[in-house]
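**Student:** Going down the list, the sequences are from chains A and B. Using the working numbering, count along the first sequence one by one with no gaps and you end on 555. Using the working numbering, count along the second sequence one by one with no gaps and you end on 656.
The set of hints was computed from the structure by calculation and includes no laboratory data. Here the structure is a predicted model, which is why all the values come from computation and not from measurement. No residue lacks a Cβ here, since even glycine has one placed at the ideal position from N, Cα and C. There's no promise every hint is true.
Stated by the list, open to error - Which stretches of chain A does chain B cover? Using the computed rule of at least three CB atoms under 8 Å from a CB of chain B, they are:
hint, region
1, 343-350
2, 383-392
3, 467-477
Unchecked claim - Residues on chain B that point at chain A, a partial pick, calculated with CB under 8 Å:
hint, residue
4, Ala208
5, Asn212
6, Gly214
7, Glu365
8, Ser486
9, Ala500
10, Pro503
To be verified - Here are the simulated lysine-lysine pairs, BS3-like style, with alpha carbons at most 25 Å apart:
hint, chain 1, residue 1, chain 2, residue 2
11, A, Lys371, B, Lys204
12, B, Lys480, B, Lys455
13, A, Lys371, A, Lys388
14, B, Lys332, B, Lys504
15, A, Lys388, B, Lys204
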Amino acid sequence: MSAPEPLLEVTELTVSYRRGFRRPPLLANNGVSVTLGRGQTLGIVGESGSGKSTLGDAVLGFAPIASGSIRFAGEELVGATARRRRELTKNIQVIFQNPYASLNPAKPIGQTLSEPLAAHGLAHGAAARERVARWLDIVGLSPDAAERYPRDFSGGQRQRIAIARALLVEPDLVVCDEAVSALDLSIQAQILNLLLDLQARLGVSYLFITHDMAVVEHMSSRIAVMHRGLIIEEGPAHEIVHSPTADYTRALLEAAPSPDPRVQRERRRERTTP
Amino acid sequence: MNSARRYLRKPIAVVALVIFLGIVLACVLADVIAPYDPIAQDLLAANSLPSAAHPLGADTLGRDLLSRLLFGGRVTLSGSLIAVVVFIGLGVPLGMLAGYVRGGLDLVLTKVVEVLFAVPVIIILLVVLSVFSQNLAAAMVTLGVLGFGGLFRVVRATTIAASGELYVKAAKASGLNHGAVLWRHILPNLWGPVIVQVSLFAASAVLVESGLAFLGFSVKAPDPSWGSMISDASQALTRYPWLLVPPGVTIAIVVLCLGLIGDGVRDAVSREGGRERASGTRSTALPARAVPPVQSKALLSVRDLSVGYGSGADATVVVRNVNLDVMRGEAVGIVGESGSGKTVTARALIGLLGDGGRILGGSVSFDGANLGRLSRSAFARLRGAGIGFIPQEPMNTLDPVFTIGSQLREVVRRHDRSGKAATQARARELLELVGLPDADTVLRKYPHELSGGMAQRVGIALALAGRPKLLIADEPTTALDVTVQQQILDLLVELRARFGMALVLVTHDWGVLADVCDRAVVMYAGEVVEQAVVDDLYTLPLHPYTRALIAANPHGAQPGVALPSIPGQVPAPTAWPAGCHFSNRCPMAVDACRTGPIPMAEPQPGRESRCIRVDELELAL
């Protein structure tokens, strides 16, 4: 029995940004390879400048790909036409970090949410309104939210709206780019639970990009650690977190302080006494 | 339309709009309302001043000035309209295209516009008019073409800015095509700037038309236009100066009105956008409470601190009755979520509340001196008396136009009143203290040349300049990567050990709290809800909120399993429940929790919890 085809297969991906006159281009991704199965979550963890968000942008079609391949459900995305990329947004969606900036402040929520439905010809008029209302309910907001504006909502509520926008076209893959990083702990827990619940119900896959080791361990089946445009280490989440092989991964894990004061005191003692 | 309502609230702009529309309407209806034919001569009335028969007087040939003004306005205004239509028709689409597509097209269009800016407008207009004799329309089209560059640049810049917005990226990711993105998400951003540009250009078009008419290029005599009326008047300027007044004043009024309309629109739209709606305010009487006596042994002892925003009876209380003691050399963490009041509390301690923030009550003693009732000025004195402050984003608090050296030396001079050499030596010493060994290089750098971690070290050096006994740090590592955070926390721990400084650390991160602090003060919705040594707090939290918050941390939770989350969200200061502020989210809340303010309980020596069911919490676990 052959292994089922992965939903997303990124091979030797190189993304390079021009930096202007006489400066060498920036290799934001330098030969990155990852795979993500259906209904699974692949965590991409790293610090700022590691290229983790660039990988998400490349999958979404927002990054200048220099070489390599991105296969989605067997289809090559590198070199796909703009029209095809647009069609693929039905299958590949995104949730951004900043829920304050990712919603147009001048448009009521209902309009923002019905845009993807109209763009893909999935529903119009009353049918679209009905579907928007159903999704507002799924993400835990009241149906009258459709008439209100982003400024009427808190950060956590806006992130719920962003989740509804990403999932109401029922995509196969959602890129979560630091989707909970701007949220408080108690709200973050609500949103993580919502994402897990939706995954269980819809079988959606997440490319979960974050800098937070605790969050990525909680959400992911596999984790890839990135540093300076390279994958340092990749494997099952438990292994990466509890028995990392790369020095960088270990440094990253140790740098994040434990909330347990006794554990943390022990760690500090170990680190600072030679 | 919020911006329309905001425009209507500006009386000057409304008056300008009404006058302008009135003039336009009068010109349009000239056939109906003009008392005479504009070219009919009444030589008996020639050069007359205003009278019942001729409300604005009559010119040298006895033609009624009001009638000429109304009919002449048609020529002037329609000419200006042609120029404006061309101006918008070229400027908006080309500007959007250049700003959205960028690349080669943008480069070409931008260069073309730059060339247009270098073209002498009046000379070209005169050339056009010499080819198309007396053809005002051709001249005005030319004016629009030559002038659209200004609008193009504004539209292009606005489009580029809007294209960078995350919601535009999100719309593209939703599958909208370029047309829909431009139409729905970018065009709405353009209205304000475009209307401002158009009003200014329309004003100059009126002036250009008048100028051309004055030179005799606009209409054939005897037909009127505002410019030709001025031309006629100038012939008899010394004998009959009144003739100049009606057309001159009309042109001035129209130009002025257009300018004021543009101003009003700019003000109306500049405040538009996703700003938070000002929340309603309410006055909250501060309930009288038993306040524990000031701790005489403490370095800093704050009693009954309350902070509000707004003034008088409308003040919204955001921090209520906070008691805080910091012992010498002790590290106290203030931990909580957004809206808990932790940052406001820390900022109040150094008298750095933002706009409208006020200390409503409380008292403080520091280092053995009772400073009495709290006020901004009392805290300002505290800053000099040994409290250093480390801000969250050091990059924003450093002045970008001065070197690190000059900013650090300024602070050192203020504290030490030292000479040049001593100041420089102290600045170098401070940088070495915070782990920037190549001090001379750093002193010469500008803030933008530093990394985030280096900038935070400089921020700490600035805080250390006054040899403080207490450092207050407001989320000092939140903006940093985790490995850089570790270095900064190491530095704070080391500095404390070396100088025996006390530390008040505001954070939302339980890991940072556990790493650096001895004791923690947990805040929720403007109140301290629990206070304990960090070990006790983590092993046995004695407030339902603390317990729920620790449980919601994914650290150490079972992967993939739902986290125990707290339903709802932190209430805004105007919506605090009457009783316990946490009662509407608390799984243990009973009726007694909702009736009145909850007193602080002392379940164990040295521990505090603002919960009436604290005994049950002690048993459960």
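**Student:** A separate judgement is required for each hint: does it hold in the structure or not?
**Tutor:** Each hint tested on the structure:
1. 343-350: violated (count 1)
2. 383-392: Coverage by chain B holds for the region 383-392 of chain A (6 residues, Cβ < 8 Å).
3. 467-477: With 8 residues close enough to chain B, the hint holds.
4. Ala208: This interface hint holds because 5 Å falls under the 8 Å limit.
5. Asn212: holds, 6 Å
6. Gly214: violated, 11 Å
7. Glu365: violated, 15 Å
8. Ser486: At 10 Å from the nearest chain A Cβ, Ser486 of chain B fails the 8 Å test, so the hint is violated.
9. Ala500: violated, 26 Å
10. Pro503: violated, 24 Å
11. A:Lys371 to B:Lys204: holds, 15 Å
12. B:Lys480 to B:Lys455: holds, 19 Å
13. A:Lys371 to A:Lys388: It holds: about 22 Å lies between the C-alpha atoms, which stays within 25 Å.
14. B:Lys332 to B:Lys504: holds, 14 Å
15. A:Lys388 to B:Lys204: The hint holds at about 15 Å.
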